[in-house]
Amino acid sequence: MTSIAEPTRRHVLIAGVALWAVAVRPATAAPADDLQAAVRAFTNGAPVRDGKVHLDIAPLVENGNAVPLSVSVDSPMTAADHVKAIAVFNERNPQRDVAVFHLGPRSGRAAVSTRIRLATSQKLIAVARLSDGSHWSSTVDVVVTLAGCIEGS
Amino acid sequence: MARTLVQAPATARRGDVIEIRTLIAHSMETGFRSGPDGKMLPRDIIRRFTCRWDGEEVFSADLYSAVAANPYLAFHAVASASGTLVFTWEGDNGFAQTETHTITVT
Chain W
0 MTSIAEPTRR
10 HVLIAGVALW
20 AVAVRPATAA
30 PADDLQAAVR
40 AFTNGAPVRD
50 GKVHLDIAPL
60 VENGNAVPLS
70 VSVDSPMTAA
80 DHVKAIAVFN
90 ERNPQRDVAV
100 FHLGPRSGRA
110 AVSTRIRLAT
120 SQKLIAVARL
130 SDGSHWSSTV
140 DVVVTLAGCI
150 EGS
Chain S
0 MARTLVQAPA
10 TARRGDVIEI
20 RTLIAHSMET
30 GFRSGPDGKM
40 LPRDIIRRFT
50 CRWDGEEVFS
60 ADLYSAVAAN
70 PYLAFHAVAS
80 ASGTLVFTWE
90 GDNGFAQTET
100 HTITVT
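In order, the protein sequences belong to chains W and S.
Take the first sequence: its letters are residues 0 to 152, numbered as in numbering that gives the first Met the number 0.
Take the second sequence: its letters are residues 0 to 105, numbered as in numbering that gives the first Met the number 0.
None of these hints come from the bench; they were simulated from the model.
Only a predicted model underlies this, so the values are computations on that prediction, with no experimental measurement involved.
Every residue, glycine too, gets a C-beta built ideally from N, C-alpha and C.
Honestly, I wouldn't trust all of these hints.
Stated by the list, open to error - Cβ-Cβ distance ranges computed for the label pairs, FRET-style:
| hint | chain 1 | residue 1 | chain 2 | residue 2 | range |
| --- | --- | --- | --- | --- | --- |
| 1 | W | T119 | S | R46 | 23 to 31 Å |
| 2 | W | D73 | S | R46 | 24 to 32 Å |
| 3 | W | A36 | S | T97 | 42 to 50 Å |
| 4 | S | E56 | W | S120 | 30 to 38 Å |
| 5 | W | T7 | S | F94 | 53 to 61 Å |
Stated by the list, open to error - Negatives, chain S to chain W, calculated, CB over 12 Å:
| hint | residue |
| --- | --- |
| 6 | R2 |
| 7 | P41 |
| 8 | E98 |
If we strip away everything but chain S, and leave its shape as in the complex, we get (with noise of 0.2 Å):
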């Protein structure tokens, strides 16, 4: 499992807009880097970021080699009603991976 890092408030007014911000420990590795043998090394990035707010989709992304590696996103979000934030990363080689992050909107 990849060490994650999840930044969001723990309780938000409603209607308010809030900052989420994750970050991911992974090489993202782009396929156009040769290794020490001068064979190319295989691609292996994260391809889609998604956030869901009690399972209704907030914001997702898809990446590309293009983008660094241990992906760091900042993105907003309206505080609707209490509930879980869930965040899922998915990649090549059969990565996934899920945190969760409780809020509570007053």
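Next comes chain W alone, as it looks inside the complex (with noise of 0.2 Å):
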């Protein structure tokens, strides 16, 4: 005869699934509000439009540890009407940020590249600061096939 205290089973996999679904699903969820909690702290809850600004990167990428990134924002650059930052976001990375990059008048063209690290196919973001206080954006969807940031990267 079992006693009642001894796990069978069924129960044992009850509590996996349940455990499951609160170690996990929280995890899965926060994502999308977490990179909008991020343009927010960037744009200190100014209104972000979409337009002018230009994300350029892979829509397929085979290598998520160095992915070719450029931001443009089409912008005259000069002392009255010019760039102050772009900011990148991602979505599924462990840290939201990527890089912010401080630009002005002495930039002459709001053009920047770099490489960056991508966990998963995921979207990221790009938020330009013009001078007149205006925020603006591009979202780009990527898909990546080898994951960044893993071990052994």
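The task is to assemble the complex, starting from two chains supplied on their own in separate frames and drawing on the hints.
Now the structure itself:
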């Protein structure tokens, strides 16, 4: 005869599913909200409009360890009208920030390139802050076949 | 000292927009990877890059773990006057490196 306290296979299975629901669900549900929060933190809550920004990245990435990324903004880059900063955020890396670039009229052209890591297929957003205080953005979906940020990388 | 690579023209005409490309050898350890012993490897990244033209900042960047190893940055600057471009990389564990490039503006 088995005692009541002794866990049966069914109990263990149910407990396992319950634990998965508690431990895994929040982590997968969070990224989109996180991304919005990261953008809001950069803009200080100011509205962000689509346009002016061109986020250039390969839509299909084979190796997430070094993905070439270019951002440019339509701006004359004069003292009166220039791009002050460009921030790039991701959706599903361990951390939302990718990089923040600070520019000014001395930059001449609002175009920056770098290489980034992508942990998985996800959304990338570039937000530009202009000298008149407005914010513009561009969003791109990227499919990654070999993830960055994993062991042995 | 980490190896660096700076590509910028040696001469330029006044008012021209020149492209500057920089690369520095650095592992950019994310802080999200575990080592052979299963323990998390501590973060070791370059957090800030600055480019100054005769002391005036023309471009700077805040970098995070999502920037690939050996961070590469390409940006632009207006050729205003002959002078020295000073590039600075700063990061975790007191990492700091400076490179210079002289440019003649005609």
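Verification of the hints:
At about 24 Å, the beta-carbon gap between T119(W) and R46(S) stays in the expected band of 23 to 31 Å. The given range of 24 to 32 Å is respected by D73(W) and R46(S), whose C-beta atoms sit roughly 29 Å from each other. The beta-carbon spacing between A36(W) and T97(S), approximately 35 Å, falls outside the hinted interval of 42 to 50 Å. With their beta carbons about 36 Å apart, E56(S) and S120(W) fall inside the hinted range of 30 to 38 Å.
With their beta carbons about 56 Å apart, T7(W) and F94(S) fall inside the hinted range of 53 to 61 Å. With 12 Å as the threshold on Cβ separation, the claim that R2(S) sits away from chain W holds: the shortest Cβ distance comes to roughly 16 Å. Non-interface status of P41(S) relative to chain W is upheld: no Cβ of that chain comes within 12 Å, the nearest being about 14 Å off. No beta-carbon of chain W comes within 12 Å of the beta-carbon of E98(S); the shortest separation is about 17 Å.
Checked against the numbered hints above, the structure breaks only hint 3 and satisfies the rest.
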